[in-house]
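Asker: Take a look at the letters that make up each chain.
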Amino acid sequence: MSINSSRFDSAIGWSTRPDAWTSKGIRFVLSALAVILFCGPLLVIFSGAFEHNPDPTKLSIIPTNPSLLNFQVATENKIWHYLMNSLVIAGGALLLQLSVSVFAAYALARKKFRGQAVALLVILATMMLPEEVIAIPLSLVIGDLPLVHVSLKGTLLGVILPLGAWGFSIFVMTEFMKEIPAELEEAAKVDGAGELRLFAQIILPLCKPALGVIAVFGFNMIWEQYLLPLIVAADPSDYTLTVALLALRSDDMVGTGIVLAGALLALVPSLVVYLSLQKSFLRGITTGAIKG
Amino acid sequence: MRRRRRRRLTGATSKGPAWVPWLFLLPAALIFLVFKFIPMAEGIRLSLFEVRPFLGDIYVGFENYATILQDEKFLTASWHTIVLAGGQTIGAMVIGFLLALLLEGHTKSLWFVRSAVFLPVVAATAVIGEIWRLFFYPAPEGFLNELISWVGLGPWEYIHDTDTSLVSVMFVGIWKHAPYDMVLILAGLAGIDRQQYEAAAIDGASTWQRIRSVTLPALRPVITILLTLAAIRGLRVFTEVYVLTGGGPAGSTDVWMTRVYTTAFEQSEAGLASAGSVLLFLVTLVLTVSVQWYRRRREAR
Chain D
0 MSINSSRFDS AIGWSTRPDA WTSKGIRFVL SALAVILFCG PLLVIFSGAF
50 EHNPDPTKLS IIPTNPSLLN FQVATENKIW HYLMNSLVIA GGALLLQLSV
100 SVFAAYALAR KKFRGQAVAL LVILATMMLP EEVIAIPLSL VIGDLPLVHV
150 SLKGTLLGVI LPLGAWGFSI FVMTEFMKEI PAELEEAAKV DGAGELRLFA
200 QIILPLCKPA LGVIAVFGFN MIWEQYLLPL IVAADPSDYT LTVALLALRS
250 DDMVGTGIVL AGALLALVPS LVVYLSLQKS FLRGITTGAI KG
Chain W
0 MRRRRRRRLT GATSKGPAWV PWLFLLPAAL IFLVFKFIPM AEGIRLSLFE
50 VRPFLGDIYV GFENYATILQ DEKFLTASWH TIVLAGGQTI GAMVIGFLLA
100 LLLEGHTKSL WFVRSAVFLP VVAATAVIGE IWRLFFYPAP EGFLNELISW
150 VGLGPWEYIH DTDTSLVSVM FVGIWKHAPY DMVLILAGLA GIDRQQYEAA
200 AIDGASTWQR IRSVTLPALR PVITILLTLA AIRGLRVFTE VYVLTGGGPA
250 GSTDVWMTRV YTTAFEQSEA GLASAGSVLL FLVTLVLTVS VQWYRRRREA
300 R
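If you're matching them up, the sequences are chains D and W in order.
For the first sequence, numbering that gives the first Met the number 0 begins at 0 and goes up steadily by one.
For the second sequence, numbering that gives the first Met the number 0 begins at 0 and goes up steadily by one.
Check before you lean on any hint, since a few could be wrong.
Straight-line C-alpha distance at most 20 Å; calculated EDC-like pairs for lysine to aspartate or glutamate [what the hints assert, rightly or not]: (1) D/57 x W/49; (2) D/57 x W/156; (3) D/152 x W/265; (4) D/152 x W/41; (5) W/107 x D/18; (6) W/107 x D/8; (7) D/207 x D/178; (8) D/111 x D/182; (9) D/57 x W/145.
Short, incomplete list of chain D residues facing chain W, as computed with Cβ under 8 Å [to be verified]: (10) 8; (11) 9; (12) 26; (13) 40; (14) 129; (15) 160; (16) 223; (17) 244; (18) 248.
Calculated directly from the structure, the hints in this document are not laboratory data.
Predicted, not measured: the structure shown is a model, and the values here were computed from it.
Heads up, the beta-carbon is just placed ideally off N, CA and C, and yes, glycines get one too.
Construct all of the structure, not just a fragment, from the sequences and the given hints.
Answerer: Here you go:
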């Protein structure tokens, strides 16, 4: 706590004096309530997934009779297959999205060319085009790609490719790349570096922090996808884990425990990504929203 | 001599063949074209047709739009969408604001609490839908009903009763989105000049007066952004409704996108569904543009 801290550090005027026990106490209780309210429901997934035959009327934070039964039964319901679908889509789409964004941002931030304003405008337009709005014609396009007339229905590629370019990540990357001083590039050019070397050895390594930000946002966006995998799937075995949850629940032979085991598996990757990169994530939200 | 060399150096970024930038833009352009713009154009085209697979489409002009705008179910769905979008936007904003006021500060423990509270935002909506479905178990021994019985309320049937279903879905949306709003409001709070608080205190303002006359006006830009983002998000809400209720019971939570989805994939009316999508797009577009215009005009003044 700094010496300068006063009660005007925050809008509400929380006291920072060491002897202000009432103020601190109230704040502690309210914060604890907030954590319980916003984290508690997610913790219930953990306990329910490990509960031996959980009952929807008796949910708790700690399993009373822990077992791995739910995961065993879930295995019979192909839960790992759905998880694999989700992971392949997340990995593939994220890799594609990162490369596409870096390439596009390089042109937009480091080059001057005719039509640049138009290119920017087009990317902005894609951000104003909600995914849901094009879902129906998109399902037709995926069933019969223009020019090549190949169907991506029922393939993981059908989910991966549409997620491969995202206006938001291109914009964040572009804004970041603009900050790289031109002198670095010039020096490399004087040394005789070509376009590709310039891109791969000078610009790309400097973009690592921004790559972290767009990776965590990109993952979040891909993992959140629901309508797209739903319309691309030709039959239930093409579902991602999140989409499969509903199918599992609708199956009368499947108990609450299996759904919770699936929910847990769908929750853990997002938690891992968020917890390992939360600083850049929370910072990225503010820059992203205010710039976008 | 030195001058000329210098000029060449500063212009270095724009030298090289003119097609090089386009080569770098090509992957993005291709994906956007095939998976965004062609579907958009195709959607507009389809909205003017009666789509009949294998039989050939019939041009019907604006008939699909007329049909939708007179369809009882679509009208109910649009009303639900407006109520849900409005309720979630305002609810998430108010809760987010209260959370931000509570968790503003620099200490390590606050940073931990903020990260923890943010978890609902990163969890996939489908997962959140599943867990809240369990909480909403309609019997008296259901989880939420047990909780509210402590304060003498309930039991309610939540998403299983046509009277409470929409409010229950709204509640889940507020729960998921409030922490997101909190982060943006925290960023806005951090930008407020502390001396204004002190000046207000010297003038004898109470905490409430300080928040009303210093904090809230300073947050206005953030609030505008949040309102726009949330309203657009609310208009195209699909996943949480689909997972929680599927639009039911008895259509009591049907929103625009679940209606469009049902029309397209269960009733196989691609033309009608496309018209529904185009209408949704127009509404979001008008909303975005008018808010941008309003912001520009404010800033210009």
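Asker: Hint by hint, work out which the structure violates, then give me just those numbers in ascending order.
Answerer: Checked against the structure, the only hint that fails is number 1, while the rest are satisfied.
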